[in-house]
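One letter stands for each residue in the lines below.
There are 2 protein chains.
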Amino acid sequence: MAKSLPVSPLAPASFPDLPVIKGVRFASASAGVKYQGRTDVMLAVMDPGTSVAGVFTRSKTRSAPVLDCQAKLGGAADAGAAILVNSGNSNAFTGRHGQTSVAEITSAVAAAGGLPAERVFTASTGVIGEPLPHGRIVAKIGELNSALDETALEGAARAIMTTDTFAKGASATVGIEGKTVKIAGIAKGSGMIAPDMATMLVYIFTDAKVEQAALQAQLAEICDRTFNCITVDSDTSTSDSLMLCATGASGVDATGNAEFAAGLERVMLDLSHQVVRDGEGATKFVEIQVTGAATDADAKVHGLAIANSPLVKTAIAGEDPNWGRVVMAIGKSGAEADRDQLSISFGDVLVAEKGWVSPGYKEELGAAEMKKQEITIKVDLGLGSGQATVWTCDLTHQYISINADYRS
Amino acid sequence: MAKSLPVSPLAPASFPDLPVIKGVRFASASAGVKYQGRTDVMLAVMDPGTSVAGVFTRSKTRSAPVLDCQAKLGGAADAGAAILVNSGNSNAFTGRHGQTSVAEITSAVAAAGGLPAERVFTASTGVIGEPLPHGRIVAKIGELNSALDETALEGAARAIMTTDTFAKGASATVGIEGKTVKIAGIAKGSGMIAPDMATMLVYIFTDAKVEQAALQAQLAEICDRTFNCITVDSDTSTSDSLMLCATGASGVDATGNAEFAAGLERVMLDLSHQVVRDGEGATKFVEIQVTGAATDADAKVHGLAIANSPLVKTAIAGEDPNWGRVVMAIGKSGAEADRDQLSISFGDVLVAEKGWVSPGYKEELGAAEMKKQEITIKVDLGLGSGQATVWTCDLTHQYISINADYRS
Numbered sequence: 001m002a003k004s005l006p007v008s009p010l011a012p013a014s015f016p017d018l019p020v021i022k023g024v025r026f027a028s029a030s031a032g033v034k035y036q037g038r039t040d041v042m043l044a045v046m047d048p049g050t051s052v053a054g055v056f057t058r059s060k061t062r063s064a065p066v067l068d069c070q071a072k073l074g075g076a077a078d079a080g081a082a083i084l085v086n087s088g089n090s091n092a093f094t095g096r097h098g099q100t101s102v103a104e105i106t107s108a109v110a111a112a113g114g115l116p117a118e119r120v121f122t123a124s125t126g127v128i129g130e131p132l133p134h135g136r137i138v139a140k141i142g143e144l145n146s147a148l149d150e151t152a153l154e155g156a157a158r159a160i161m162t163t164d165t166f167a168k169g170a171s172a173t174v175g176i177e178g179k180t181v182k183i184a185g186i187a188k189g190s191g192m193i194a195p196d197m198a199t200m201l202v203y204i205f206t207d208a209k210v211e212q213a214a215l216q217a218q219l220a221e222i223c224d225r226t227f228n229c230i231t232v233d234s235d236t237s238t239s240d241s242l243m244l245c246a247t248g249a250s251g252v253d254a255t256g257n258a259e260f261a262a263g264l265e266r267v268m269l270d271l272s273h274q275v276v277r278d279g280e281g282a283t284k285f286v287e288i289q290v291t292g293a294a295t296d297a298d299a300k301v302h303g304l305a306i307a308n309s310p311l312v313k314t315a316i317a318g319e320d321p322n323w324g325r326v327v328m329a330i331g332k333s334g335a336e337a338d339r340d341q342l343s344i345s346f347g348d349v350l351v352a353e354k355g356w357v358s359p360g361y362k363e364e365l366g367a368a369e370m371k372k373q374e375i376t377i378k379v380d381l382g383l384g385s386g387q388a389t390v391w392t393c394d395l396t397h398q399y400i401s402i403n404a405d406y407r408s
Numbered sequence: 001m002a003k004s005l006p007v008s009p010l011a012p013a014s015f016p017d018l019p020v021i022k023g024v025r026f027a028s029a030s031a032g033v034k035y036q037g038r039t040d041v042m043l044a045v046m047d048p049g050t051s052v053a054g055v056f057t058r059s060k061t062r063s064a065p066v067l068d069c070q071a072k073l074g075g076a077a078d079a080g081a082a083i084l085v086n087s088g089n090s091n092a093f094t095g096r097h098g099q100t101s102v103a104e105i106t107s108a109v110a111a112a113g114g115l116p117a118e119r120v121f122t123a124s125t126g127v128i129g130e131p132l133p134h135g136r137i138v139a140k141i142g143e144l145n146s147a148l149d150e151t152a153l154e155g156a157a158r159a160i161m162t163t164d165t166f167a168k169g170a171s172a173t174v175g176i177e178g179k180t181v182k183i184a185g186i187a188k189g190s191g192m193i194a195p196d197m198a199t200m201l202v203y204i205f206t207d208a209k210v211e212q213a214a215l216q217a218q219l220a221e222i223c224d225r226t227f228n229c230i231t232v233d234s235d236t237s238t239s240d241s242l243m244l245c246a247t248g249a250s251g252v253d254a255t256g257n258a259e260f261a262a263g264l265e266r267v268m269l270d271l272s273h274q275v276v277r278d279g280e281g282a283t284k285f286v287e288i289q290v291t292g293a294a295t296d297a298d299a300k301v302h303g304l305a306i307a308n309s310p311l312v313k314t315a316i317a318g319e320d321p322n323w324g325r326v327v328m329a330i331g332k333s334g335a336e337a338d339r340d341q342l343s344i345s346f347g348d349v350l351v352a353e354k355g356w357v358s359p360g361y362k363e364e365l366g367a368a369e370m371k372k373q374e375i376t377i378k379v380d381l382g383l384g385s386g387q388a389t390v391w392t393c394d395l396t397h398q399y400i401s402i403n404a405d406y407r408s
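Protein chains in written order, with my numbering: chain A, 1 to 408; chain B, 1 to 408.
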């Protein structure tokens, strides 16, 4: 199915050149979990001393792999670690069989790599509620283990795709005390995207040395400004997982370092935007900047109400500068708003202020903004200093086609 | 625009025969607010002694007519009352001009009917953010006033339509102490439907005599089980208004009467279902029955999360028995759930239980249920005795077509 979809018009020109992250190696293989003629399993193996942090969906029906990862977080770093991910089946709502699948896979990876099973993390993405044919994955672990290569991150990015139309990667290089630390990550989307902790699947690696608890705290904080600020369709996956592995191979301690945090945020923001750019059926990338709210939390509530509104999203698809629907979304969001203090701009065009259309607004100016592929909607509540920025895409016929026909 | 849409496949065969409600008369006219070649204004005038109750959107950006109605509720019944409604323009987010329009219309209706302006209620539905050409409406008030007729409720139902593909009416007759009380109502939808107090516009009339405060309390309570349990697209209008007028012309006091409450609930449920059946692009009518939740409130949260999920709604459009998406929606709703206590049925087919697919489930059984035009999804949380039923429709290409092209 993924192969038959046209590449998103919002896709980057090509997969980026990612730096090698010392201390971690990758491999991918074709296990035939569901898809034929493509890779569908990836393995990452980290050296001893690697700190592992993670944030996961808060869904009450989260998958067996997510529950297993959450239980294992915070373990000792001295034994190294591994991550195995399959696409084509999410191993969610699969009862006791789901737990068995996780146990079979993690013990096989542990045995092949000489690791304790408590340091093997897994993720599964794809259809919900069908038993994972874990035997097909276990049968490929020897092949994966012998193919591990520090340059194989792009192949890993391709193996975890489902309805994604392009592979997603991003990187940053940060100077700390005259030395260099590298960060590289991959992600997949591209429907069921309204992350409550992270998006579907994201894996980020760095050769920085960061103490585990500090890494976890930093990851969660940045996630709130990046992956937790994107939405494609308001639907939250049962499998959302974002893991960050710091191998320490650079010998540079970045614990609490602000430059490192900024570099990590650039990578996470870049990947989160790529997920939106590959939102199912997307033809427009939309940034919603909310300012002047009573609190930052209120600003985010307003931003996500606009971003999730089917009527706003279809208006954008139709290139209609329908600011009345933005007013509607603000009104329904539940967060504080005063109709007569509100102003709304499309790009730099002020369309509405003081409870009505702006005196200088002309429909053709708004219409010109909406014809762009990258659209900015600015909302100022006029109430306080709370602000937030969220990102989304439009809602098109292609979204309906993908989701009325595809069993995901 | 409304005229070019095909009639919903879920529409009733014809508009129902509605009983005459003594004490109220109706008229409709073509004022050319926006639409051409159809009626777009309706007037209802109630005799002295009529109690008027209303529930309205809780949107923070609600329209000028809504604010005006809310301020006037609870006034003395001895002077009679009137309701004037226009379609084609919602008079929402129209600043000071919006208040002027309301004042011009209400004072003209008051002058023509010999009523105080404090007893004239208005509503406007259609595009947000454009000035209401109230002069066109005021010019028709004399014509409306002289055409008032107790049998003209169907015409009023037609005048308030926007993207509705059929006019909506319902009625009940209730025996109280050997006498008969009648209830008749009309409604319009059909996008921006996720009522927070009521749906877009609903007007219900009865010849029962009910004390005003009791009528208001009864209306709000029933609204929570009817109009507040439907959703088309999760978007809440700036104009939602539901008004109930009890003329008392029957001479029967129904204050606090259980039979009357049951009759009123039948009318409200019927009208709310008709709004869903005319949801933009709808091809399936979906009832979601949630039981076994920790509380009734939790059950409604789960029901609405399922009903509003784009992935559930597109699966229904595609006749795909994709129960995994129901699991996802329950997981994200925020209300209490235990994956392993959950059971899900499509119609009478048990598809999932105890955290996994039901042993006896066969895909073809689920698929047969999904081919029906009326679909029931039953969810039991297995946690307590909380329950709720909500209603929605599917999400189709036609919804995208209507909303990417139509400025509403």
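Worth flagging that the hints you see were computed from the coordinates, not collected in a lab.
Remember, it's a predicted structure, so these values are computed and weren't measured experimentally.
Heads up, a few of these hints could be off.
Repeated chains share a single entry, so a pair holds when one copy, or any two copies, can fit it.
What the hints assert, rightly or not - Pairs of lysine-lysine residues, derived as PhoX-like cross-links and limited to a Cα-Cα distance of at most 25 angstroms, are as follows:
| # | residue 1 | residue 2 |
| --- | --- | --- |
| 1 | K72 | K372 |
| 2 | K182 | K22 |
| 3 | K22 | K72 |
| 4 | K60 | K354 |
| 5 | K34 | K362 |
| 6 | K378 | K60 |
| 7 | K362 | K372 |
| 8 | K179 | K378 |
| 9 | K378 | K354 |
| 10 | K22 | K179 |
| 11 | K182 | K34 |
Hints and how they fare:
no. : hint          : result
1   : K72 <-> K372  : neither (45 angstroms within a copy, 45 angstroms between copies)
2   : K182 <-> K22  : within (9 angstroms within a copy, 80 angstroms between copies)
3   : K22 <-> K72   : within (24 angstroms within a copy, 72 angstroms between copies)
4   : K60 <-> K354  : between (42 angstroms within a copy, 14 angstroms between copies)
5   : K34 <-> K362  : between (52 angstroms within a copy, 20 angstroms between copies)
6   : K378 <-> K60  : between (34 angstroms within a copy, 18 angstroms between copies)
7   : K362 <-> K372 : within (17 angstroms within a copy, 47 angstroms between copies)
8   : K179 <-> K378 : neither (40 angstroms within a copy, 60 angstroms between copies)
9   : K378 <-> K354 : within (15 angstroms within a copy, 46 angstroms between copies)
10  : K22 <-> K179  : within (14 angstroms within a copy, 88 angstroms between copies)
11  : K182 <-> K34  : neither (34 angstroms within a copy, 60 angstroms between copies)
The structure is inconsistent with the numbered hints 1, 8 and 11, although it conforms to all the rest.
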